[in-house]
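Chemist: Quick mapping for you: the protein sequence lines, in order, are chains L and Y. The first sequence begins at 947 in our numbering and counts up one residue at a time. The second sequence begins at 947 in our numbering and counts up one residue at a time.
Keep in mind that the hints are not guaranteed to be accurate.
The list cannot tell twin chains apart, which means a pair is met if one copy fits it or any two copies do.
Stated by the list, open to error - Using 30 angstroms as the maximum straight-line C-alpha spacing, the simulated DSBU-like pairs for lysine-lysine come out as follows: (1) 1022 - 1387; (2) 1356 - 949; (3) 1015 - 1004; (4) 951 - 1012; (5) 992 - 1430; (6) 951 - 1387; (7) 949 - 1419; (8) 1033 - 1419; (9) 1004 - 1253; (10) 1033 - 1050; (11) 1398 - 1370; (12) 1355 - 1398; (13) 1000 - 1017; (14) 1033 - 1370; (15) 1387 - 1033; (16) 1239 - 1398; (17) 1405 - 1357; (18) 1017 - 1253; (19) 1106 - 1404; (20) 951 - 1000.
Derived by calculation from the structure, the hints in this document are not laboratory data. Predicted model only: the values in this text are computed from it and were never measured.
Chain by chain, the residues run as shown.
Number of protein chains: 2
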Amino acid sequence: MIKLKATFMDFELGLPIVMMNSEDARDLGVFPGDRVCVRTGKKTEKTAFVEITKHIVKEGYLGIRKEAKEKYGVQKGQELSVRAVLKPASVEYIKKKLDGYELKAIELEEIIRDIATNRLTDIELGSFVSAVYTRGFTDREVIATTRAMVNEGEHIKWNKKFVVDKHSIGGVPGNRVTPIVVSIIAAAGLTIPKTSSRAITSPAGTSDTMEVFCNVSFSTDEIKRIVGETNGCLVWGGALDLAPADDKLIRAEYPLSLDPEGQVLASVMSKKKSVGSNCVVIDLPFGDGAKVKSFDAAKRLAMKFKKLGEALGMKIECTITKGDQPIGNGVGPVLEAIDIMDVFSGRGPQDLSEKSVELAGVLLKMTNKGDEETARKILESGAALDKFRQIVRAQGGAADKDLVGMLSKKKISYYAKKTGTILKVDNLVVANLAKMAGAPKDIGAGAYLYFKRWQQVKKGDKLLDIYTSQDYKMEYIKKLLLEKDAFVIGSDKDMTVEVV
Amino acid sequence: MIKLKATFMDFELGLPIVMMNSEDARDLGVFPGDRVCVRTGKKTEKTAFVEITKHIVKEGYLGIRKEAKEKYGVQKGQELSVRAVLKPASVEYIKKKLDGYELKAIELEEIIRDIATNRLTDIELGSFVSAVYTRGFTDREVIATTRAMVNEGEHIKWNKKFVVDKHSIGGVPGNRVTPIVVSIIAAAGLTIPKTSSRAITSPAGTSDTMEVFCNVSFSTDEIKRIVGETNGCLVWGGALDLAPADDKLIRAEYPLSLDPEGQVLASVMSKKKSVGSNCVVIDLPFGDGAKVKSFDAAKRLAMKFKKLGEALGMKIECTITKGDQPIGNGVGPVLEAIDIMDVFSGRGPQDLSEKSVELAGVLLKMTNKGDEETARKILESGAALDKFRQIVRAQGGAADKDLVGMLSKKKISYYAKKTGTILKVDNLVVANLAKMAGAPKDIGAGAYLYFKRWQQVKKGDKLLDIYTSQDYKMEYIKKLLLEKDAFVIGSDKDMTVEVV
Chain L
947 MIKLKATFMD
957 FELGLPIVMM
967 NSEDARDLGV
977 FPGDRVCVRT
987 GKKTEKTAFV
997 EITKHIVKEG
1007 YLGIRKEAKE
1017 KYGVQKGQEL
1027 SVRAVLKPAS
1037 VEYIKKKLDG
1047 YELKAIELEE
1057 IIRDIATNRL
1067 TDIELGSFVS
1077 AVYTRGFTDR
1087 EVIATTRAMV
1097 NEGEHIKWNK
1107 KFVVDKHSIG
1117 GVPGNRVTPI
1127 VVSIIAAAGL
1137 TIPKTSSRAI
1147 TSPAGTSDTM
1157 EVFCNVSFST
1167 DEIKRIVGET
1177 NGCLVWGGAL
1187 DLAPADDKLI
1197 RAEYPLSLDP
1207 EGQVLASVMS
1217 KKKSVGSNCV
1227 VIDLPFGDGA
1237 KVKSFDAAKR
1247 LAMKFKKLGE
1257 ALGMKIECTI
1267 TKGDQPIGNG
1277 VGPVLEAIDI
1287 MDVFSGRGPQ
1297 DLSEKSVELA
1307 GVLLKMTNKG
1317 DEETARKILE
1327 SGAALDKFRQ
1337 IVRAQGGAAD
1347 KDLVGMLSKK
1357 KISYYAKKTG
1367 TILKVDNLVV
1377 ANLAKMAGAP
1387 KDIGAGAYLY
1397 FKRWQQVKKG
1407 DKLLDIYTSQ
1417 DYKMEYIKKL
1427 LLEKDAFVIG
1437 SDKDMTVEVV
Chain Y
947 MIKLKATFMD
957 FELGLPIVMM
967 NSEDARDLGV
977 FPGDRVCVRT
987 GKKTEKTAFV
997 EITKHIVKEG
1007 YLGIRKEAKE
1017 KYGVQKGQEL
1027 SVRAVLKPAS
1037 VEYIKKKLDG
1047 YELKAIELEE
1057 IIRDIATNRL
1067 TDIELGSFVS
1077 AVYTRGFTDR
1087 EVIATTRAMV
1097 NEGEHIKWNK
1107 KFVVDKHSIG
1117 GVPGNRVTPI
1127 VVSIIAAAGL
1137 TIPKTSSRAI
1147 TSPAGTSDTM
1157 EVFCNVSFST
1167 DEIKRIVGET
1177 NGCLVWGGAL
1187 DLAPADDKLI
1197 RAEYPLSLDP
1207 EGQVLASVMS
1217 KKKSVGSNCV
1227 VIDLPFGDGA
1237 KVKSFDAAKR
1247 LAMKFKKLGE
1257 ALGMKIECTI
1267 TKGDQPIGNG
1277 VGPVLEAIDI
1287 MDVFSGRGPQ
1297 DLSEKSVELA
1307 GVLLKMTNKG
1317 DEETARKILE
1327 SGAALDKFRQ
1337 IVRAQGGAAD
1347 KDLVGMLSKK
1357 KISYYAKKTG
1367 TILKVDNLVV
1377 ANLAKMAGAP
1387 KDIGAGAYLY
1397 FKRWQQVKKG
1407 DKLLDIYTSQ
1417 DYKMEYIKKL
1427 LLEKDAFVIG
1437 SDKDMTVEVV
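Bound-form chain L, shown alone (with noise of 0.2 angstroms):
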């Protein structure tokens, strides 16, 4: 134990840090990432990790946060007690898994709770998506870690006998389907508490497409008022406090864009969970440029996710559906927002409106209120749309808005180069465009698609248009379009795909 005096840095990096001279931390035995426990007063101890410094920090003065002044009443010059401590039990668990052991589910709750609450630093971190990712989770693991992350988090409880949920794995532009299920089944009378995300890495998340309508930041207590009045709501998952370590653990696998199965399994059933859904549909896009690559990879993820359902105490049903191109014909916010008041009004693209009513089918007859024929007339019959209409207002928004005009202003259109069939349209390649042209930030970007799979196109015939709203933007664009195959056009008799 060294007593230092307080001294305020500007910083603050998401993680508690105290910053100390390297002449302290010699003394003290510490070195960076080491955790110390800082006495601020008669009964307040906090851990944090120790940074050190030569200079910015001088010998005798221990460098904290600003937020200690007014949450712990810290004077700059006060003198602080400070204790090196050990690593907590849930280091060890990392390194046990690391190792290839199981991990018991007490274990598991320690680690996930001392995520939640920041006591790991990034090296821990990067470690323990590691070794999931190479070791993996047996089925237990991932039960025990969905009910940690679970029990760290905010919960919603519904005095409903169905409270009815729906997710899609990622990966394929387009596939808006969210808006138009939720409508088709808050109109059928069943509750449908939908939280989504906004994109990480792709044009568009189900809220960047409903923040074109609406608002999607609400608490729980707005959330359980909105439901309340319309059954149904389409809100940020990110606003709420629901499963906190996964959203650190999702941060954590994004720069070697780690996914271990285990650890996906945990993030979308104890977000379902917390949210307080007991009747899931869980869409499995399979295909090039979907998350999940092949039909017996998603029949696997299928098994897993309802045998999961099963210990959790849920009911779980997974459509697996193509997903080798594009669903609808806008990719970006406002696009999507086009297509889906396109299906709502019976002009909109097949194939999005098709897949809707298949998923809202699905969640009716697991809930005994019809099937694919029961959600199609609520969607042809306009009730949807009225739905939809009711939720978008009670989230403080219109449905009935003049989108075309929110397009970006400039376009660039692109031109089939021969005559024949189309015999692929690239998910990576469309959303590599929309994102280029800005979507999702400037709302109004995207990629507008004429074509799909198996059409019949003749040489110069538009496949696709562009919204940009910056010159600068079309430059690259241009050059992208040069270099990579939005659209694969041969002939239905062909083949061969592609020789490498």
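Position chain Y against the provided structure of chain L, taking the given hints into account.
Modeler: Leaving out everything else, chain Y in the frame of chain L:
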């Protein structure tokens, strides 16, 4: 690409970091830990990691480190172009290793270069050490990593047939053979530019002990001067830029106590190669409380060192030595310095003296300069002490000083609770007592042992003195002495060591 105004931040965290408002980050499409390229002048572009804030940096601004002002002439409010850049290729190679594939030499070079130049985040570093830990390194990977580590740092060249060196794998308290071995070898006319470490988790490193006598921080030019004058040196490796990637990897391994074998091999050998050695004895003490637990493990490791040496054009001999109890009597910088001077004057602890002579003998044999008996004569004749005095003088110090007068002033003695044979002296308990007393920062603190294994003691015999400077530390030490047995006393005939 976006344009932001420069604002200076009061932090420095080892990595190049810039801070931007969450709105700008969203615009640019970057997430925490992503890389951006900042154009600070017509020709100057710098890559940095992004931290995202809602409050600290306002929209339209980029928080950069103060040193950018001097280094790149950036002015407050200056407009900077910021664009997102892709992860370095090394991030893909780390993932490849996590997936269990062997990495090519060129891939390991890229990883080591990016580590040496701070281009990887802590999450990525954590993943890399975890990958090496779980997947292991093939012999080829160890060789490539060692070469890459050498290439990234400074080298010292000597115009000599033999440049000899010595390394001990750690964990055994009091194992301070290095100053004695170096003095014998230098006295025999061989070149031995020895770099050592400071304590990381032990009560003293060789550099901590040498600092009792003289300065240990020198540049490579100064090392050449010292070795030119005396044939040897005893300096701190941390002051040099030999194998900088290794220092950063050791930092990343520390939190989880990961110590993958491949990494240990590359770490030791890269430092030896960088310093210009071509003839090295590697000491592998084994036993309870040592880093290497068994004879078999030591032998396996020895074979790997020899193989790696061959690939690097270095002659390697390994000594597998007893490491299941402390070596010498003193544990702590001054106490170990006393042991060393006692060995030089012929009074010293027999185990420390014998081990030093044996290791020096191996080096003399490797270079055809003699054997163990030659080493013993050099020590007993006083030539080794003369050489030690010369080296210490060349490093700006004095070998003959009142070491006993430098001991910390408070002492706790510990006595045998029964009559019998010492069955065990616990490495870890002794190390913890010395650290708790204040070693290595309090150089006069530590433990002094009066007995070793297999010796007979009577109830009430003094077993141990502990030196410390501070009263409050005495309380902790007394508690530890009650809780843990530094000495196990029993009967020669008993077969049971402990009943658990």
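Chemist: Is it within, between, both or neither when you check residue 1405 against residue 1357 at 30 angstroms Cα-Cα?
Modeler: within (20 angstroms within a copy, 94 angstroms between copies)
Chemist: Please work out whether the CA atoms of residue 1355 and residue 1398 approach to 30 angstroms or closer within one copy, between two copies, in both situations, or in neither?
Modeler: within (25 angstroms within a copy, 85 angstroms between copies)
Chemist: When no copy is named, should residue 1017 and residue 1253 be tagged within, between, both, or neither for a Cα gap of at most 30 angstroms?
Modeler: neither (44 angstroms within a copy, 58 angstroms between copies)
Chemist: When no copy is named, should residue 1015 and residue 1004 be tagged within, between, both, or neither for a Cα gap of at most 30 angstroms?
Modeler: both (20 angstroms within a copy, 22 angstroms between copies)
Chemist: Pop the pair residue 951 and residue 1387 into one bin, within, between, both or neither, using alpha-carbon distances up to 30 angstroms.
Modeler: The answer is between: 20 angstroms across copies meets 30 angstroms, while 45 angstroms in one copy does not.
Chemist: Since the copies are identical, ignore which copy is meant and state whether residue 1033 and residue 1050 lie within 30 angstroms (CA to CA) inside a copy, between copies, both or neither.
Modeler: within (19 angstroms within a copy, 35 angstroms between copies)
Chemist: At most 30 angstroms between C-alpha atoms: does residue 1033 with residue 1370 qualify within a copy, between copies, both, or neither?
Modeler: So residue 1033 and residue 1370 pass the 30 angstroms test across copies only (29 angstroms; inside, 52 angstroms).
Chemist: Give the relationship of residue 1398 and residue 1370 under a CA distance limit of 30 angstroms: within one copy only, between copies only, both, or neither.
Modeler: So residue 1398 and residue 1370 pass the 30 angstroms test inside one copy only (8 angstroms; across, 78 angstroms).
Chemist: At 30 angstroms max between alpha carbons, let me know whether residue 1022 reaches residue 1387 within a copy, between copies, both or neither.
Modeler: between (41 angstroms within a copy, 28 angstroms between copies)
Chemist: Using 30 angstroms as the alpha carbon limit, work out where residue 992 and residue 1430 are close: within a copy, between copies, both or neither.
Modeler: between (54 angstroms within a copy, 29 angstroms between copies)
Chemist: Evaluate residue 951 and residue 1000 at a C-alpha cut-off of 30 angstroms and name the case that applies: within, between, both or neither.
Modeler: Both: 16 angstroms inside a copy, 29 angstroms across copies.
Chemist: Which holds for residue 1004 with residue 1253 at a C-alpha limit of 30 angstroms: within a copy, between copies, both or neither?
Modeler: Neither: 57 angstroms inside a copy, 47 angstroms across copies.
Taken one by one, the earlier hints fail for this structure at numbers 9, 18 and 19, listed in ascending order.
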